Structures are given as C-alpha cells and as structure tokens.
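Required output: the full structure, derived from the provided sequences and hints.
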Amino acid sequence: MKNKRINLFFGKKDYQDIQKYFRIFRFTLLGMTITLSLFVLILGYLSYIQKQKIDSKTQEKRNNLQLFNAQKEQEVKLIKITNKLKDYETFIKDDAEFYPYYSLLADIINKSEELPKIESLSMEKDRKFSFTLTFLTKENLIKAFHFVETEDFLMNFETINLKSFESVTNEKGSSYKITFEGKFKKLNENKN
Numbered sequence: 001m002k003n004k005r006i007n008l009f010f011g012k013k014d015y016q017d018i019q020k021y022f023r024i025f026r027f028t029l030l031g032m033t034i035t036l037s038l039f040v041l042i043l044g045y046l047s048y049i050q051k052q053k054i055d056s057k058t059q060e061k062r063n064n065l066q067l068f069n070a071q072k073e074q075e076v077k078l079i080k081i082t083n084k085l086k087d088y089e090t091f092i093k094d095d096a097e098f099y100p101y102y103s104l105l106a107d108i109i110n111k112s113e114e115l116p117k118i119e120s121l122s123m124e125k126d127r128k129f130s131f132t133l134t135f136l137t138k139e140n141l142i143k144a145f146h147f148v149e150t151e152d153f154l155m156n157f158e159t160i161n162l163k164s165f166e167s168v169t170n171e172k173g174s175s176y177k178i179t180f181e182g183k184f185k186k187l188n189e190n191k192n
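Numbers 1 to 192, taken from the numbering used here, label the letters of the sequence shown in order.
Derived by calculation from the structure, the hints in this document are not laboratory data. Fair warning: this is a prediction, and the values are worked out from it, not measured in the lab. Watch out, some of these pointers could steer you wrong.
Here are the computed lysine to aspartate or glutamate pairs in the EDC-like style, where the Cα-Cα straight-line distance is at most 16 Å [to be verified]:
{"no.": "1", "residue 1": "K125", "residue 2": "E97"}
{"no.": "2", "residue 1": "K93", "residue 2": "E119"}
{"no.": "3", "residue 1": "K128", "residue 2": "E158"}
{"no.": "4", "residue 1": "K117", "residue 2": "D107"}
{"no.": "5", "residue 1": "K138", "residue 2": "E97"}
{"no.": "6", "residue 1": "K128", "residue 2": "D152"}
{"no.": "7", "residue 1": "K117", "residue 2": "E166"}
{"no.": "8", "residue 1": "K125", "residue 2": "E181"}
{"no.": "9", "residue 1": "K183", "residue 2": "E97"}
{"no.": "10", "residue 1": "K128", "residue 2": "D94"}
{"no.": "11", "residue 1": "K163", "residue 2": "E181"}
{"no.": "12", "residue 1": "K185", "residue 2": "D126"}
{"no.": "13", "residue 1": "K117", "residue 2": "E139"}
{"no.": "14", "residue 1": "K183", "residue 2": "E139"}
{"no.": "15", "residue 1": "K183", "residue 2": "E158"}
{"no.": "16", "residue 1": "K111", "residue 2": "D152"}
{"no.": "17", "residue 1": "K177", "residue 2": "E119"}
{"no.": "18", "residue 1": "K125", "residue 2": "D94"}
{"no.": "19", "residue 1": "K185", "residue 2": "E158"}
{"no.": "20", "residue 1": "K186", "residue 2": "E97"}
{"no.": "21", "residue 1": "K185", "residue 2": "E89"}
{"no.": "22", "residue 1": "K185", "residue 2": "D152"}
{"no.": "23", "residue 1": "K185", "residue 2": "E151"}
{"no.": "24", "residue 1": "K93", "residue 2": "E124"}
{"no.": "25", "residue 1": "K186", "residue 2": "D126"}
{"no.": "26", "residue 1": "K111", "residue 2": "E149"}
{"no.": "27", "residue 1": "K163", "residue 2": "D107"}
{"no.": "28", "residue 1": "K128", "residue 2": "E181"}
{"no.": "29", "residue 1": "K185", "residue 2": "E119"}
{"no.": "30", "residue 1": "K186", "residue 2": "E124"}
{"no.": "31", "residue 1": "K185", "residue 2": "E124"}
{"no.": "32", "residue 1": "K125", "residue 2": "E149"}
{"no.": "33", "residue 1": "K177", "residue 2": "E166"}
{"no.": "34", "residue 1": "K111", "residue 2": "D55"}
{"no.": "35", "residue 1": "K125", "residue 2": "E166"}
Here is the structure:
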C-alpha cells in the first residue's frame, strides 16, 4: 500500500524534542557565557585592585629607600663629625699649649736689657722644653747670663739647664747661641 499523503503531525513530535534540546543547550551556553563573562570581569577587577596595591607598595618602598638614603647620608655626616670630635679630643690631650708658653718666654726675654733672638723652641705636652737664643755680641751674651740668673727669669721654670753654648762665625760676623732645656711651671702657678 502506498501512501499518497504526508502526515505532518507525525514528525512534529520528534522535531519539538530536538528543538527543546537546542533551547536548553542555548540557555546553558548563554548562562555559561554570562557566568564566564562575570568571572572574567571579577578577575579583572581583582587584578586591577591588586595592581593598585602593588603600585602603592612600590611607591612606598621608593619613598622609604629615598628616606633611608637621606638618613644614611646624615649618618655618614654624623660619623665624620664624631671622628673629628675624637681627633679634636686626642689633639687636646696631646696639645702642649705651645702659644701661651711661647708668649711667656717672649715676655721674659723682653724684660732683659739686650733682646736676643729666639731661634728655636720645642715643647712637649708635659711642659718640657728646649729653646735656643742667638746673640750678636759677646757683651749681649754676658748681660743675658746675668739676667738668666735673676729671680724674674727663674720663677717661670720648674727646672732649667744650659744644654749648649755655640759660637758661630760667618761673613757677617760672629754670633753666639745658647740652648736651654728644662720644664716650665704651669701657667697658673706663676701668678702669685
């Protein structure tokens, strides 16, 4: 038997089932796309916030490093100042206080009738000294020896000894050198 007609209602049920599956597939695909898009947006937002935090921390680190370097430079300056202070304290401990004693010696010599020339003066921190006086004439030398024996001269020294006597002759004439060594009294002990 041959059918001459097509029954359209018969295949409709199968087509609706397939259409129903496609619709479920479409909604599932749409839901997954929306979910995935939301997930990507949330990850992007979290990544942006994280990047902002990292940039903030990096800037804070740069600022701290600059501050540290500035403080390091200040620390170096403080170390230099400390070293200079230590050097100064060492210098003060080892200082012979040369100038006041030189002034004292010059004042003592200025009291004499004949002014000899102070040729050299060396002094240690414990007030031990050695100085050389130069005279142009024998008479000046003899007058100086008389002055050296006076109380005005001797009161400024704890000890004083004649170390050497020398006569120098050159084309300008004769000159005489005497060298003394000993120990100065402390400056405040001189003032009675």
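Outcome of the hint check:
Of the pairs offered as hints, the one joining K125 and E97 holds, with about 7 Å between alpha carbons and a cut-off of 16 Å not exceeded. A distance of roughly 27 Å separates the Cα atoms of K93 and E119; the hinted pair therefore is violated under the 16 Å criterion. The suggested pairing of K128 with E158 holds, with an alpha-carbon distance near 10 Å, which does not exceed 16 Å. Between K117 and D107, the direct Cα distance comes to roughly 12 Å. Compliance with the 16 Å bound is thereby established for this hinted pair.
Simply put, K138 and E97 have alpha-carbon atoms about 33 Å apart, too far for the 16 Å limit, and the pair is violated. Note on K128 and D152: the hinted pairing is violated, with a Cα-Cα distance of about 19 Å set against a maximum of 16 Å. Using a Cα cut-off of 16 Å, the hinted pair K117 and E166 holds, with the two alpha carbons roughly 14 Å apart. Distance restraint check for K125 and E181: the Cα-Cα separation of roughly 14 Å lies within the 16 Å cut-off, and the hinted pair is therefore satisfied.
Between K183 and E97 the CA atoms are separated by roughly 13 Å; this keeps the pair inside 16 Å, and the hint holds. A C-alpha spacing of about 13 Å is found between K128 and D94, which places the hinted pair at or below 16 Å, so the restraint holds. Annotation: proposed proximity of K163 to E181 holds, straight-line Cα distance about 6 Å (limit 16 Å). Our distance criterion of 16 Å between C-alpha atoms is met by K185 and D126, whose separation comes to about 10 Å.
Distance hint between K117 and E139 is fulfilled; the C-alpha atoms sit about 15 Å from each other, no more than 16 Å. Pair hint K183 plus E139 does not hold up; C-alpha atoms about 27 Å apart against a cutoff of 16 Å. For a cut-off of 16 Å, the pair hint linking K183 to E158 stands: about 5 Å separates their Cα positions. About 9 Å separates the Cα atoms of K111 and D152, which keeps this hinted pair within 16 Å; it holds.
The suggested pairing of K177 with E119 holds, with an alpha-carbon distance near 9 Å, which does not exceed 16 Å. Pair hint K125 plus D94 holds up; C-alpha atoms about 6 Å apart against a cutoff of 16 Å. This hinted pair checks out: K185 and E158 have alpha carbons roughly 5 Å apart, not beyond 16 Å. The hinted pair formed by K186 and E97 meets the criterion: a straight-line CA distance of about 10 Å does not exceed 16 Å.
Between K185 and E89, the direct Cα distance comes to roughly 24 Å. Violation of the 16 Å bound is thereby established for this hinted pair. For the proposed pair K185 and D152, the alpha carbon gap of about 13 Å is at most 16 Å, so the pair holds. A threshold of 16 Å between alpha carbons decides the hint, and for K185 with E151 the separation of about 14 Å falls inside it, so the pair holds. For the hint linking K93 to E124, the alpha-carbon distance of about 12 Å falls within 16 Å, and the restraint holds.
Our distance criterion of 16 Å between C-alpha atoms is met by K186 and D126, whose separation comes to about 10 Å. For the hint pairing K111 with E149, the CA-to-CA distance comes to about 13 Å; that is within 16 Å, so the pair holds. A distance of roughly 22 Å separates the Cα atoms of K163 and D107; the hinted pair therefore is violated under the 16 Å criterion. The suggested pairing of K128 with E181 holds, with an alpha-carbon distance near 7 Å, which does not exceed 16 Å.
About 22 Å separates the Cα atoms of K185 and E119, which puts this hinted pair outside 16 Å; it is violated. Distance hint between K186 and E124 is fulfilled; the C-alpha atoms sit about 13 Å from each other, no more than 16 Å. Restraint check: the Cα-Cα separation between K185 and E124 comes to about 13 Å, which is no more than 16 Å; the hinted pair holds. Taking the CA atoms of K125 and E149, the gap is near 26 Å; set against the 16 Å cutoff, the hint is violated.
With a C-alpha separation of about 5 Å, the suggested pair K177 and E166 falls inside the 16 Å cut-off, and the hint holds. At roughly 83 Å between alpha-carbon atoms, K111 and D55 are farther apart than 16 Å, so this suggested pair is violated. Under the criterion of a C-alpha separation no larger than 16 Å, the hint pairing K125 with E166 is inconsistent with the structure, at around 28 Å.
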